[in-house]
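Take the sequence shown: its letter number 86 is residue 86 in the UniProt record's numbering, and every next letter is one higher.
Keep in mind the hints are simulated off the structure, nothing from the lab. Hints are not guaranteed to be accurate.
[Said to hold, decoys possible] DEER-style ranges, computed between Cβ atoms:
1. G98 <-> Q62: 49 to 59 Å
2. I97 <-> M130: 22 to 32 Å
3. L29 <-> G49: 28 to 38 Å
4. L117 <-> Q137: 23 to 33 Å
All residues carry an ideal CB built from backbone N, CA and C; glycine is no exception.
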Amino acid sequence: MGERLSGLLQDLRQTLSGASGMADSNQQLAGTFLLRADDITRQIQQAAGQLADVDQHGQSIQHAAGHSSSLAGAVRANLERASGELSRAHQELQRLIGDVHGSTSANVELAVDLERLSSEAEQIGQVLQMIAGISEQTTCSRSTRRSRPPVPASMAAASRWSPMRCAPWPAAPSSRRARFAR
Numbered sequence: 001m002g003e004r005l006s007g008l009l010q011d012l013r014q015t016l017s018g019a020s021g022m023a024d025s026n027q028q029l030a031g032t033f034l035l036r037a038d039d040i041t042r043q044i045q046q047a048a049g050q051l052a053d054v055d056q057h058g059q060s061i062q063h064a065a066g067h068s069s070s071l072a073g074a075v076r077a078n079l080e081r082a083s084g085e086l087s088r089a090h091q092e093l094q095r096l097i098g099d100v101h102g103s104t105s106a107n108v109e110l111a112v113d114l115e116r117l118s119s120e121a122e123q124i125g126q127v128l129q130m131i132a133g134i135s136e137q138t139t140c141s142r143s144t145r146r147s148r149p150p151v152p153a154s155m156a157a158a159s160r161w162s163p164m165r166c167a168p169w170p171a172a173p174s175s176r177r178a179r180f181a182r
């Protein structure tokens with residue numbers, strides 16, 4: 001049994017020595033694991049910082065997109081208003097052009113009518129002058145015949161303004177005719 005005990009102790013020593021080697025190996029592995037865990041922790045922290053930056057940039061982009069969207073909405077509303085104003089201005093311009101064309105044709109018609117009326121008024125004025133001249137001569141010869149006895153032809157021929165003769169129309173002024181017509 002001594003041998004057995006000695007063998008057992010030897011086995012125990014080998015086992016403990018193996019355990020010690022394993023413990024050293026485990027300790028090295030644990031140190032390596034801790035170093036790796038520290039590296040992983042640093043990488044995770046860096047990744048978390050980068051994610052925070054990405055999140056912040058994402059929020060900035062989202063805010064900018066929201067602001068850009070609201071600006072685009074405002075621009076769209078302004079464009080729609082401007083388009084409506086341009087449409088109304090175009091309609092007004094078309095109406096004005098129509099009015100100008102209508103006014104132009106009405107003015108042309110008015111000018112033609114005025115020229116015709118002017119010509120007719122001139123003709124009527126000439127007719128009235130002729131009627132006035134005839135009336136004046138008729139009045140002159142009636143009053144001369146009633147108020148004076150006939151003058152011999154030799155006397156009538158001698159005086160240009162004889163009471164028996166009225167001045168030819170319209171050469172003599174009416175004041176002279178009236179004076180001799182009495």
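Tested hints:
1. Roughly 53 Å separates the CB atoms of G98 and Q62, a value that falls within the hinted 49 to 59 Å.
2. At roughly 50 Å, the beta carbons of I97 and M130 sit outside the given window of 22 to 32 Å.
3. At roughly 30 Å, the beta-carbon separation of L29 and G49 lies within the given 28 to 38 Å, and the hint holds.
4. Range check, L117 to Q137: about 30 Å between beta-carbon atoms, so the 23 to 33 Å window is met.
Consistency with the previously given hints fails for number 2 only.
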